[in-house]
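With the hints as your guide, set chain A onto chain E.
Here are the chains, one letter per residue:
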Amino acid sequence: MPFGLLKYGLRRRYPARRDVPVATELKPSYDVVIIGGGGHGLAAAYYLAKNHGITNVAILEKGYLAGGNTARNTAIIRSNYLTPEGVRFYDESVRMYQDLSQELDYNILYSERGHLTLAHTDGAMRTSRWRAEVNKHLGVKSELIYPDEIARVCPQLNLSSEVRYPIMGALHHYPGAIARHDAVAWGYAANAARRGVEIHQQTEVTGILKDGDRVTGVETTRGVVSCGKVLQAVAGHSSVMAEMAGFKLPIRTIPLQACVSQPLKPFLDAIIVSGSLHVYVSQSDRGELVMGGSTDPYTLYSTRSTLDFKEGLMGHMLELFPFLSEVRLLRQWAGIADMTPDFSPVMGLTPIENYYVDAGWGTWGFKATPVSGKRMAETVATGEVPDILDPFRLDRFDTFEQVGERGAASVGH
Amino acid sequence: MRIMHCPLNGPRNISEFVYGGEVTEMPDPATASDAEWADHVFLENNRRGIVREWWLHVATAYWFIAERDTATDKVIQTYPSSDIYTERVSFTVPEEEGGRS
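Residue numbers (this note's numbering), protein chains in the order written: chain E, 350 to 762; chain A, 170 to 270.
Bound conformation, chain E alone:
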């Protein structure tokens, strides 16, 4: 290896490293077609190839690689949820994330910061205590802490009682982390491509070909492709895709906005979240404050930003960190989120035999990327739903067995 580096250094020209090869023509047929080239689709392709030896796989992406919600989230990784089903599922994801840079040989800049969910009301204190107990019971390190301890963990926070919503306590989730979201997608893409998976960008699926209750192929803007199985992973347009396939989802598509400030010297280590104030903020490795709030008040398939959102967010931000009043915003954006009635995802089987769905990722999709990829790959390869995904099945709504996840971001307590 040292000589490899030397040889590279002595070269006249430096060939650019290409992680994702340019895909050529579409083949007429694949074993598995994955619709959607975001984090979840790419991860599923990687685990299909690695764990199940299925490499005749095409990922069809209508835009560019990881250009949807994978690029638009606020990169927070945590497992301090409320329901045992949710905690178990997201905990597996956090554990996978912790080793992901090594596994993919791709630096995802995983940065463990600790995560504080602030409580400003008696109701929020109760929920925090509840979440801490459920977490600890399942081996996830979360603790309810009070203002004296909060001041030690995050001395920058305004803990004064002379504000509209004083901080009464916080749920301290020690493994809470952030990572470079694009690198997660690129790492999965590079490793999937190395194992033979084809990634076709600028290839939109325009129809699903069916024979009775089975899918036989997909129509795309570049021609028809036949396939053995289909996995849909198209956060934001899940309902549109499902309608093409012929079933309905319990999803409303609602924009979620976010923004970043100009870069500042590192001052904020912990990730700070307040459900009651609809604020979450962390400082990225570039020094920018990454901020988000609640989802928009109504459904929309557009990624526009609004002044209403920023006014509301900044009002609360300045209550938590008054000294940021002179800081400017640098960028703003929105992603369109699949909101489900119980704030849990929809994963697994569909009314169509060989068509699998990975949807309903609302405001909690990025943190679930590794576990969703691994478990959806398992579902597609074996045709059987693993126990850990069973609570999130589509037909839970028919049997009134929802998983009410009030630990999700954007949910007030």
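To be clear, the hints were calculated from the coordinates, so they are not data collected in a lab.
Keep in mind the model is a prediction, meaning the values are calculated, not measured.
Every residue, glycine too, gets a C-beta built ideally from N, C-alpha and C.
Mixed in with the good hints there might be a few duds.
Here are some chain E residues the structure puts well away from chain A; computed CB gaps all over 12 angstroms [to be verified]:
id, residue
1, R362
2, P364
3, A365
4, N400
5, T470
6, H486
7, P504
8, G545
9, G566
10, L667
11, E675
12, T731
Here chain E is said to cover these stretches of chain A; the calculated rule only asks that three of the stretch's residues, wherever they fall, bring their Cβ under 8 angstroms from a Cβ of chain E [what the hints assert, rightly or not]:
id, stretch
13, 200-207
14, 213-219
15, 235-243
Each computed DSSO-like pair below joins lysine-lysine, with the alpha-carbon atoms no more than 30 angstroms apart [said to hold, decoys possible]:
id, chain 1, residue 1, chain 2, residue 2
16, E, K399, E, K376
17, E, K614, E, K659
18, A, K243, E, K597
19, A, K243, E, K411
20, E, K559, E, K376
21, E, K559, E, K597
22, E, K659, A, K243
23, E, K411, E, K376
24, E, K399, E, K411
Frame of chain E, contents of chain A only:
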């Protein structure tokens, strides 16, 4: 600030309104199967395009209908719900199930 035209109050700020979901037809609760009822309560058409929706003007507690393009956020038209609901909807419980409260 976006403006919405309320059929009762005229043009008002969008922040005065609350979204109430798509206008759908309710199956008869007395005869619907669990699956039909779950479909009505939980499953969504969630179409991208022009959709007929319920909206509420909060300050006057007035529910009305808006036709809105969910791709562009343009409101095409708004009108009172009496334009499409011309008959009274009855919620009576059939005799044999009476007494269950």
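Now the hints, each set against the structure:
1. Distance to chain A confirms E/R362 as a non-interface residue, since its nearest Cβ pair spans about 47 angstroms, more than 12 angstroms.
2. With a least CB separation of 43 angstroms from chain A, E/P364 remains clear of the 12 angstroms interface cut-off, as annotated.
3. No beta-carbon of chain A is positioned within 12 angstroms of the beta-carbon of E/A365; the least distance is around 38 angstroms.
4. Separation of E/N400 from chain A is adequate, the least Cβ-Cβ distance of about 33 angstroms exceeding the 12 angstroms criterion.
5. Listed as a non-interface residue, E/T470 keeps its Cβ farther than 12 angstroms from every Cβ of chain A; the least gap is roughly 22 angstroms.
6. With 12 angstroms as the threshold on Cβ separation, the claim that E/H486 sits away from chain A holds: the shortest Cβ distance comes to roughly 29 angstroms.
7. For E/P504, the non-interface assignment is confirmed: its Cβ lies about 36 angstroms from the closest Cβ of chain A, beyond the 12 angstroms cut-off.
8. Distance check for E/G545 against chain A: the nearest CB is about 34 angstroms away, which clears 12 angstroms, and the non-interface claim stands.
9. The claim that E/G566 is not at the interface with chain A holds, since no C-beta of that chain comes within 12 angstroms of its own (minimum 23 angstroms).
10. Even its closest Cβ contact with chain A, about 20 angstroms, leaves E/L667 beyond 12 angstroms, as expected for a residue assigned away from the interface.
11. No Cβ of chain A approaches the Cβ of E/E675 within 12 angstroms, the least distance being about 25 angstroms, so the stated non-interface status holds.
12. At the 12 angstroms boundary, the C-beta of E/T731 stays outside the reach of chain A, the nearest C-beta of that chain being 27 angstroms off.
13. With 3 residues having a Cβ less than 8 angstroms from any Cβ of chain E, the stretch 200-207 of chain A passes the three-residue criterion, so the hint holds.
14. Counting residues of the stretch 213-219 of chain A whose CB falls under 8 angstroms from any CB of chain E gives 5; the rule of at least 3 is met.
15. A count of 4 residues in the stretch 235-243 of chain A with a Cβ less than 8 angstroms from any Cβ of chain E is obtained; the coverage claim is therefore met, three being the minimum.
16. Straight-line distance between C-alpha atoms of E/K399 and E/K376 comes to about 21 angstroms, which keeps the hinted pair within the 30 angstroms bound.
17. Note on E/K614 and E/K659: the hinted pairing holds, with a Cα-Cα distance of about 23 angstroms set against a maximum of 30 angstroms.
18. Our distance criterion of 30 angstroms between C-alpha atoms is met by A/K243 and E/K597, whose separation comes to about 25 angstroms.
19. Distance restraint check for A/K243 and E/K411: the Cα-Cα separation of roughly 25 angstroms lies within the 30 angstroms cut-off, and the hinted pair is therefore satisfied.
20. The straight-line distance between the Cα atoms of E/K559 and E/K376 is roughly 19 angstroms, inside the 30 angstroms bound, and the hint therefore holds.
21. A threshold of 30 angstroms between alpha carbons decides the hint, and for E/K559 with E/K597 the separation of about 16 angstroms falls inside it, so the pair holds.
22. As the CA atoms of E/K659 and A/K243 are separated by approximately 21 angstroms, the hinted pair is consistent with the 30 angstroms bound.
23. Proximity of E/K411 to E/K376 is assessed by CA-CA distance (about 17 angstroms); at most 30 angstroms being required, the pair is judged to hold.
24. At roughly 25 angstroms between alpha-carbon atoms, E/K399 and E/K411 fall within 30 angstroms of each other, so this suggested pair holds.
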